[in-house]
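Protein chains in written order, with UniProt numbering: chain A, 1 to 136; chain B, 1 to 136; chain C, 1 to 136; chain D, 1 to 136; chain E, 1 to 136; chain F, 1 to 136.
Simulated from the structure, these hints should not be mistaken for laboratory data.
One or more hints might be untrue.
One copy or two, either will do: identical chains are not told apart, so a pair holds if it fits within one copy or between any two.
Using 35 Å as the maximum straight-line C-alpha spacing, the simulated DSBU-like pairs for lysine-lysine come out as follows [to be verified]:
#1 K4 x K97
#2 K50 x K97
#3 K4 x K57
#4 K57 x K97
6 protein chains.
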Amino acid sequence: MSGKSLLPLIEYEMAGEEVRAVYDDIMATRNTDWINNFWKVLAHDPALLKRTWDSIKQVMAPGALDPLTKELVYIAVSASNGCEYCTYSHTASARAKGMTDAQLMELLAVVGMANETNRLVNGLKPPVDVQFEPHE
Amino acid sequence: MSGKSLLPLIEYEMAGEEVRAVYDDIMATRNTDWINNFWKVLAHDPALLKRTWDSIKQVMAPGALDPLTKELVYIAVSASNGCEYCTYSHTASARAKGMTDAQLMELLAVVGMANETNRLVNGLKPPVDVQFEPHE
Amino acid sequence: MSGKSLLPLIEYEMAGEEVRAVYDDIMATRNTDWINNFWKVLAHDPALLKRTWDSIKQVMAPGALDPLTKELVYIAVSASNGCEYCTYSHTASARAKGMTDAQLMELLAVVGMANETNRLVNGLKPPVDVQFEPHE
Amino acid sequence: MSGKSLLPLIEYEMAGEEVRAVYDDIMATRNTDWINNFWKVLAHDPALLKRTWDSIKQVMAPGALDPLTKELVYIAVSASNGCEYCTYSHTASARAKGMTDAQLMELLAVVGMANETNRLVNGLKPPVDVQFEPHE
Amino acid sequence: MSGKSLLPLIEYEMAGEEVRAVYDDIMATRNTDWINNFWKVLAHDPALLKRTWDSIKQVMAPGALDPLTKELVYIAVSASNGCEYCTYSHTASARAKGMTDAQLMELLAVVGMANETNRLVNGLKPPVDVQFEPHE
Amino acid sequence: MSGKSLLPLIEYEMAGEEVRAVYDDIMATRNTDWINNFWKVLAHDPALLKRTWDSIKQVMAPGALDPLTKELVYIAVSASNGCEYCTYSHTASARAKGMTDAQLMELLAVVGMANETNRLVNGLKPPVDVQFEPHE
Numbered sequence: 001m002s003g004k005s006l007l008p009l010i011e012y013e014m015a016g017e018e019v020r021a022v023y024d025d026i027m028a029t030r031n032t033d034w035i036n037n038f039w040k041v042l043a044h045d046p047a048l049l050k051r052t053w054d055s056i057k058q059v060m061a062p063g064a065l066d067p068l069t070k071e072l073v074y075i076a077v078s079a080s081n082g083c084e085y086c087t088y089s090h091t092a093s094a095r096a097k098g099m100t101d102a103q104l105m106e107l108l109a110v111v112g113m114a115n116e117t118n119r120l121v122n123g124l125k126p127p128v129d130v131q132f133e134p135h136e
Numbered sequence: 001m002s003g004k005s006l007l008p009l010i011e012y013e014m015a016g017e018e019v020r021a022v023y024d025d026i027m028a029t030r031n032t033d034w035i036n037n038f039w040k041v042l043a044h045d046p047a048l049l050k051r052t053w054d055s056i057k058q059v060m061a062p063g064a065l066d067p068l069t070k071e072l073v074y075i076a077v078s079a080s081n082g083c084e085y086c087t088y089s090h091t092a093s094a095r096a097k098g099m100t101d102a103q104l105m106e107l108l109a110v111v112g113m114a115n116e117t118n119r120l121v122n123g124l125k126p127p128v129d130v131q132f133e134p135h136e
Numbered sequence: 001m002s003g004k005s006l007l008p009l010i011e012y013e014m015a016g017e018e019v020r021a022v023y024d025d026i027m028a029t030r031n032t033d034w035i036n037n038f039w040k041v042l043a044h045d046p047a048l049l050k051r052t053w054d055s056i057k058q059v060m061a062p063g064a065l066d067p068l069t070k071e072l073v074y075i076a077v078s079a080s081n082g083c084e085y086c087t088y089s090h091t092a093s094a095r096a097k098g099m100t101d102a103q104l105m106e107l108l109a110v111v112g113m114a115n116e117t118n119r120l121v122n123g124l125k126p127p128v129d130v131q132f133e134p135h136e
Numbered sequence: 001m002s003g004k005s006l007l008p009l010i011e012y013e014m015a016g017e018e019v020r021a022v023y024d025d026i027m028a029t030r031n032t033d034w035i036n037n038f039w040k041v042l043a044h045d046p047a048l049l050k051r052t053w054d055s056i057k058q059v060m061a062p063g064a065l066d067p068l069t070k071e072l073v074y075i076a077v078s079a080s081n082g083c084e085y086c087t088y089s090h091t092a093s094a095r096a097k098g099m100t101d102a103q104l105m106e107l108l109a110v111v112g113m114a115n116e117t118n119r120l121v122n123g124l125k126p127p128v129d130v131q132f133e134p135h136e
Numbered sequence: 001m002s003g004k005s006l007l008p009l010i011e012y013e014m015a016g017e018e019v020r021a022v023y024d025d026i027m028a029t030r031n032t033d034w035i036n037n038f039w040k041v042l043a044h045d046p047a048l049l050k051r052t053w054d055s056i057k058q059v060m061a062p063g064a065l066d067p068l069t070k071e072l073v074y075i076a077v078s079a080s081n082g083c084e085y086c087t088y089s090h091t092a093s094a095r096a097k098g099m100t101d102a103q104l105m106e107l108l109a110v111v112g113m114a115n116e117t118n119r120l121v122n123g124l125k126p127p128v129d130v131q132f133e134p135h136e
Numbered sequence: 001m002s003g004k005s006l007l008p009l010i011e012y013e014m015a016g017e018e019v020r021a022v023y024d025d026i027m028a029t030r031n032t033d034w035i036n037n038f039w040k041v042l043a044h045d046p047a048l049l050k051r052t053w054d055s056i057k058q059v060m061a062p063g064a065l066d067p068l069t070k071e072l073v074y075i076a077v078s079a080s081n082g083c084e085y086c087t088y089s090h091t092a093s094a095r096a097k098g099m100t101d102a103q104l105m106e107l108l109a110v111v112g113m114a115n116e117t118n119r120l121v122n123g124l125k126p127p128v129d130v131q132f133e134p135h136e
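Taking the hints into account, I'd like the entire structure generated from these sequences.
What follows is the structure, given as structure tokens:
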């Protein structure tokens, strides 16, 4: 039962034109011939599918940060939130972009420390130092 | 009231030897002459203070990931958890290590997307694709 | 292993009087002849079982909000927290109260956006506008 | 200090053309003459500003769910995550769309119960009942 | 603005009979002559007020766990969730029940570690050992 | 797939000297002859393994709080965060230290209430009472 999709996956063959257009763009952008299940379930709402894909494509593209750094951040958030699918899929993406085992382990060490110190702070409530105040 | 420390801050002058040794190492490592409030409240438990500082120093040092990337990950986790002090302090640290406004904005765009798609996944439960399974 | 209950499920036949009274009320209220596993594991603490059921019955009843809206809110929280059992069970309840696939998809689109903008806000800390301040 | 924006707010007068176009659309869509601080800080990244506004406009519009229900869901997620700005701003939006005090209280009663039972489930791990499994 | 109540506080003098009955029971049970603000805002929904107080009174009473242990657990959850009011109020309650500074610091050390290792686990997904499986 | 480790488990036989030293200390401290999977996956980063074990050993030892209380807090945090492995493993540890079924149920009742009232507070924002302010 665990992991059974709430709605059936929409395969390319069953998909309408709007959905196929997004699937085609995903495969072209990623230079692959398959679509992962996340998109196949989002396809029940073609507008949501399109908006999410367009945003991901824009957000994860090279910019002020490089694509691997962005994947590392994605893993950090997914591990903090406990999203299993997201952890597996973005770890795979990060590896495809060159992440090594040593980088994964160091990333998780930082994620662990951040989650720890976040709670030490929440429980002790030190006031924000003036040196940390943003300048305006 | 908001932001009032649960326990009084322990200033250098009031601190015992164990705590002063950590404070000294913080200032030497960071090449500054002040201690931020997080450490001053942790100092109520010198063992916790020392262990936390030793871990942070080790985890945030250059390694398989560079120190700026690590600060970005720290901000990502702190913003996901809603830890205010942590967000201000690690944004300041990241700026000190060269983070630009454009990098901060792009970082938060990724953090936002990750938090969004984590919940689309949690609500729809697509099964993990075999292509994402770790090899053993 | 995954999904193995921490404590054995307490079936009707094995249950004491207090627990049976709650089970009977659940089946009568819901007009069904079965009890779902959540209650069967809570039954190890009959007071907790009774209090939780009484609260759920009161909270989920029609009032200022209709029962379907309440189920949608339940799914929204469960998806945000990543509670798998809760997502499956409340999605089933919402469907039984008339939720369509289109409503589920739109609900999750809102949940996704809310989780995204919550983190943009946490990372950028815009001050609360005076226009949003509650009147007293 | 608390609530000090990480980056200065970008007022209409200082804004570039891209940002002004979004600000104009926000005011026209909402039929108001002011912009709330969330958008003024997102404006440091005009692409993020535009994408977020376009998504919010699309997601919060009437559809399979009505706009008030969507605002209630937004409050539910924001209260679950503890996002203060989001709670104040979406409570104000929900009130503008007709939310009564009684509805707010009932909403939070559901949010509270959902957060409670999510953790009873996480701590006791009842297996998902076959009756809750999605049909395919 | 921060900390401004979403709904006005309902003082004893303004309260209806149902609310006064709960306020009276709170003061009698706690042997005090004041009501804290949490209850004064819940009072907008007398049924929610009564149910929450009855549950708290039952759950926090001595039983298989002593009242101080229960307050420590309350702080642990509140610090993990980042609930500021809850952290201040339950720290005050715990102190009233005898919590020392050393106990608070040790508690938060455990809370910190648990939040850290939770994320190391979420990011690395070790399978559950058979030795940890519940017996049935 | 669910539960498949992101990195292979490192068994004693395959482990290097640094890792074996930690494994030996875990078995000696716990008076057992096996290592649970959490450590076997952390072993990919010997420094992280050693630091985490040293911290856990120090934090979970008897001090101002007894070891069983600390395990209860660990379960409380793990159930709040929804960490499955952590819930199973620390429930097993707590049982080994004497936790009864009645204590587990009462613990989860407190955890549930805390998660509920945390969100009532987050949604209603009562100001912190002066009586709860820490003295300095």
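Verification of the supplied hints:
Proximity of K4 and K97 under a CA criterion of 35 Å is satisfied in both settings, with 29 Å inside one chain copy and 22 Å between copies. Taking the closest pair of Cα atoms, K50 and K97 come within 35 Å of each other both inside a single copy (24 Å) and across two copies (28 Å). Taking the shortest Cα distances, K4 and K57 sit within 35 Å of each other both inside one copy (27 Å) and across copies (28 Å). Within a single copy, K57 and K97 get their C-alpha atoms as close as 15 Å, and across copies as close as 28 Å, so both meet the 35 Å cut-off.
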